[in-house]
Structure formats: C-alpha cells, structure tokens
Amino acid sequence: RCLHEMAKPTLAAIPGPAAGGGLSLALACDIRIAAASAKFTTAFARLGLSGDYGGSFFLPRLVGAAKARELYFTAELIDAREAEQIGLVNHVYEDADFPSEVDAWKSRLAELPTTALGFMKKNLNAADSGSVGDVLDIEAEHMTRTFDTEDHHTAARAFVDKRQPRFRGR
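Each residue of the sequence shown is one higher than the last, beginning at 446 in our numbering.
It should be emphasised that the hints constitute simulated quantities derived from the structure, not laboratory data.
Since this is a predicted model, take the numbers as computed values, not measurements.
By construction, the Cβ of each residue, glycine as well, lies at the ideal position given by its N, Cα and C atoms.
A hint or two may mislead.
To be verified - Listed below are the simulated DSSO-like cross-link pairs for lysine-lysine, each with C-alpha atoms no more than 27 Å apart in a straight line:
# : residue 1 : residue 2
1 : Lys453    : Lys567
2 : Lys551    : Lys567
3 : Lys512    : Lys566
4 : Lys551    : Lys607
5 : Lys567    : Lys484
6 : Lys512    : Lys484
7 : Lys453    : Lys566
8 : Lys484    : Lys551
9 : Lys551    : Lys566
Unchecked claim - Pairwise CB distance ranges (calculated):
#  : residue 1 : residue 2 : range
10 : Arg553    : Arg491    : 14 to 24 Å
11 : Ser482    : Lys551    : 17 to 27 Å
12 : Thr589    : Arg491    : 44 to 54 Å
13 : Arg602    : Ser482    : 36 to 46 Å
Let the sequences and hints guide you as you build the complete structure.
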C-alpha cells in the first residue's frame with residue numbers, strides 16, 4: 446500500500462528473477478523496468494499459496510483479468526520481453542545497459558515537479574475505483590492546488606523564456 450499511495454513516483458528496477466512476493470512488490474510501483482535477462486512468475490500456485498503484497502490487486506490492472514488469472518493459476522515463468530509485451534513492465538533494456546538506464550530513470554524522475562506528480566498519482570489512483578464525476582472533482586481540486594506551487598510558477602517562467610524549468614518540489 447505504501448508504494449502505491451506514496452506521493453512520490455516509485456520505480457522498480459528488476460535486474461533478474463522476480464517471483465512471488467518480490468514480483469508483487471514490483472507490481473505496486475508506478476514504473477517497472479527490467480533487464481533483458483529478467484524472468485517473472487507469480488510462483489504461488491507451485492507453493493500451495495494464494496498470493497500476497499497486493500499482487501492480485503495490481504496484476505489485473507496491468508495485464509487484464511484473464512492474463513492475471515492465467516499467470517496466478519499456472520505460475521508460468523515469462524521472460525522480460527513477454528512481460529513488456531503484456532504490460533507487466535514498461536521497458537526492457539539490455540543487461541549491459543541496465544545499470545545506466547536505471548540511473549537515467551532515477552535522474553529523470555528526480556528532476557520532475559514532485560508535488561504535481563504526487564497529485565497525479567492521487568488522480569490516477571482515484572480513477573481506478575471512482576466515478577468519472579469523482580475523478581473530475583479530484584482533478585479540479587488538485588489542479589487548483591498545483592496552480593499555487595512554486596514549481597508551476599517556475600515552469601510558466603521557463604516556458605516564456607524558452608528554457609527548461611528546474612523544479613524544487615514546492
């Protein structure tokens with residue numbers, strides 16, 4: 446729950462096997478990137494277990510209900526390319542490039558307006574279960590709040606000056 450609800454974006458960097466609870470934790474993250482040699486399995490059916498750490502909440506939202514049931518019931522091992530194809534991971538990078546790609550993602554996320562991203566996460570999380578009216582109300586409230594942030598004012602000035610903004614999370 447913490448990974449899903451925290452105000453900052455979360456990144457799961459998966460360099461190798463992700464199975465069972467480890468996979469469930471990765472699924473709770475906002476963005477998942479994997480090395481080409483990574484493998485994925487729910488694993489629970491092989492162990493006579495039902496699943497944990499929210500995997501049964503997150504997996505269907507990423508890959509669809511039918512595929513999630515298949516992956517849970519069979520505990521099939523899938524490779525990184527298939528994981529990317531079905532939407533389980535966002536991107537796959539060659540093993541040799543993976544550490545630098547992880548660093549690039551961390552830097553990229555750190556440079557973004559964290560206050561706005563926190564509200565974006567709340568909007569997107571609300572969209573998972575709320576009505577369109579509820580989500581529109583939540584978006585309107587959050588948009589109003591971000592209009593007053595230092596980051597928004599910085600971005601507006603940078604746009605006029607035709608330069609990139611430097612966000613401070615305020």
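Okay, the hints, checked on the actual structure:
| no. | hint | verdict |
| --- | --- | --- |
| 1 | Lys453 with Lys567 | 10 Å, holds |
| 2 | Lys551 with Lys567 | 21 Å, holds |
| 3 | Lys512 with Lys566 | 25 Å, holds |
| 4 | Lys551 with Lys607 | 25 Å, holds |
| 5 | Lys567 with Lys484 | 30 Å, violated |
| 6 | Lys512 with Lys484 | 16 Å, holds |
| 7 | Lys453 with Lys566 | 8 Å, holds |
| 8 | Lys484 with Lys551 | 22 Å, holds |
| 9 | Lys551 with Lys566 | 17 Å, holds |
| 10 | Arg553 with Arg491: 14 to 24 Å | 37 Å, violated |
| 11 | Ser482 with Lys551: 17 to 27 Å | 21 Å, holds |
| 12 | Thr589 with Arg491: 44 to 54 Å | 50 Å, holds |
| 13 | Arg602 with Ser482: 36 to 46 Å | 45 Å, holds |
Going through the hint list in order, the structure does not satisfy hints 5 and 10.
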